Amino acid sequence: MRLLIVSTIPTHPVNAGNRSFILQQVHLLQGMGHEVFFLYVMNSRFSKNVVTIKELKKFWGDNIFIYTIPFWERRYFEIITSIRKRFNNGYYKCDDLYSTGLGKYVINLNKEKKFDGCIINYYWLSKLFLQFKIGKSAIFTHDYFSFKDLLVGKDGNTWMCTTPDEEAKGLQRCKTIFALNNEEAFFFSKLSPNSNVSCIYTTCPYVHQEFKGNKNMLFLSSSNIFNIEGLKWFLNEIFIFICKKHGDVRLLIGGGICETEFVQSLRQNEFINVCGKVDDVNAFYSKGDIVINPTYQGTGLKIKTLEGISYGKVVLAHPHSKTGLYRTDIAPIFSSVNAKEWVDYTSMLWEYPNLVLEIKNKDEEYLRMLRDNAIEQYNNYLYDLRQ
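Quick note: the sequence shown uses my numbering, first residue 365, plus one each step.
The set of hints was computed from the structure by calculation and includes no laboratory data. Quantities reported herein were computed from a predicted structural model and do not represent experimental measurements. The hints are all genuine.
Below, a list of computed lysine to any residue pairs in the SDA-like style, where the Cα atoms sit at most 20 Å apart: (1) K475 - V400; (2) K497 - N558; (3) K475 - G499; (4) K641 - S629; (5) K422 - S371; (6) K477 - F496; (7) K500 - Q536; (8) K579 - S699; (9) K468 - K500; (10) K576 - F648; (11) K477 - E399; (12) K579 - Y709; (13) K704 - R614; (14) K651 - V613; (15) K726 - V571; (16) K491 - K533; (17) K579 - N646; (18) K686 - P569; (19) K609 - K704.
Computed spacing ranges between beta-carbons, pair by pair: (20) K554 - K641: 35 to 43 Å; (21) D529 - P569: 34 to 42 Å; (22) H610 - L514: 34 to 42 Å; (23) K477 - Q628: 43 to 51 Å; (24) D748 - L387: 23 to 31 Å; (25) E715 - M396: 41 to 49 Å; (26) F605 - N379: 31 to 39 Å; (27) S629 - D748: 54 to 62 Å; (28) E729 - Y440: 48 to 56 Å; (29) K576 - Q495: 47 to 55 Å; (30) Y440 - L719: 51 to 59 Å; (31) E715 - K641: 32 to 40 Å; (32) D529 - E729: 38 to 46 Å.
Idealized CB from N, CA, C, for every residue including glycine.
Based on the provided sequences and hints, a complete structural model is requested.
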């Protein structure tokens, strides 16, 4: 089938979790034998997107399309954003940032390409399905935005926060809704009871890495406030006790979080190595056998947890960074808020290396199950296999 993916978020460069998720689904659909096209809805000047467009064209070739939102409409969006922040407590209406010309653009594109299905990313593009009629319509939700300020706190990431009524309006325009975890799937099924709601989770490929046998603990992270707060929790509540038991343990921190003032202040800590920007993720993860995800707040996909599994690592996480994942009862993830349990578990890992090798095998099997689940959900969407 010929499938069109529409998004205000580009797939490249792959420097954020939502971009990674979209790209993973592209690879999966391509692997299933479908021809996938990508329409990037660009909400800024070309000069600000030179690198993005170059990388998009390099990856997509003839299957990339770019719709640039007109200058006057971008200015209008800025006014709307100011109004929402000042008078609406930051809550957006469903179609506040929808470009009026997008529907016509996609209709003309479809006349040429004749798509079999169209998948949009995020609720604020759903008005497209009022203008462009196609039998197989779907939405990647990525996250839920209803009362997000209450869910994550006003100082957190409340981007595109809205009310349940407005989010429901967007979701109910789609026959199929893909959620990233079980909690969100349940929520969306209440907002859009006539839609087929299912969990895609994610489909990270398994990357084989050799067993290192050292006492390095790895944390690769962006500078998101939730990641910073999670790291603070880990250092104050957990890591200090691990260091007392194991004087040769080292925490390696990499990624954008290294540029923050807090992580810079850790450079003098003898138990911590601040590695800075990471251009080669594979190389960073090859430095140890254990990956941590201490994030304890926020919504959406627990991408760092799954990324650790995808590299065949032992993943240790705050319970929040495990919730909502596929089959948490069998997921190869240690999670606890109890420092003694962390100390006991890491001690056992370092005393019995075969346990690490066992978990590496479980990681690979878990990712295989994730992939099989995603393929099943896509087949339900494309071939109407639901009973």
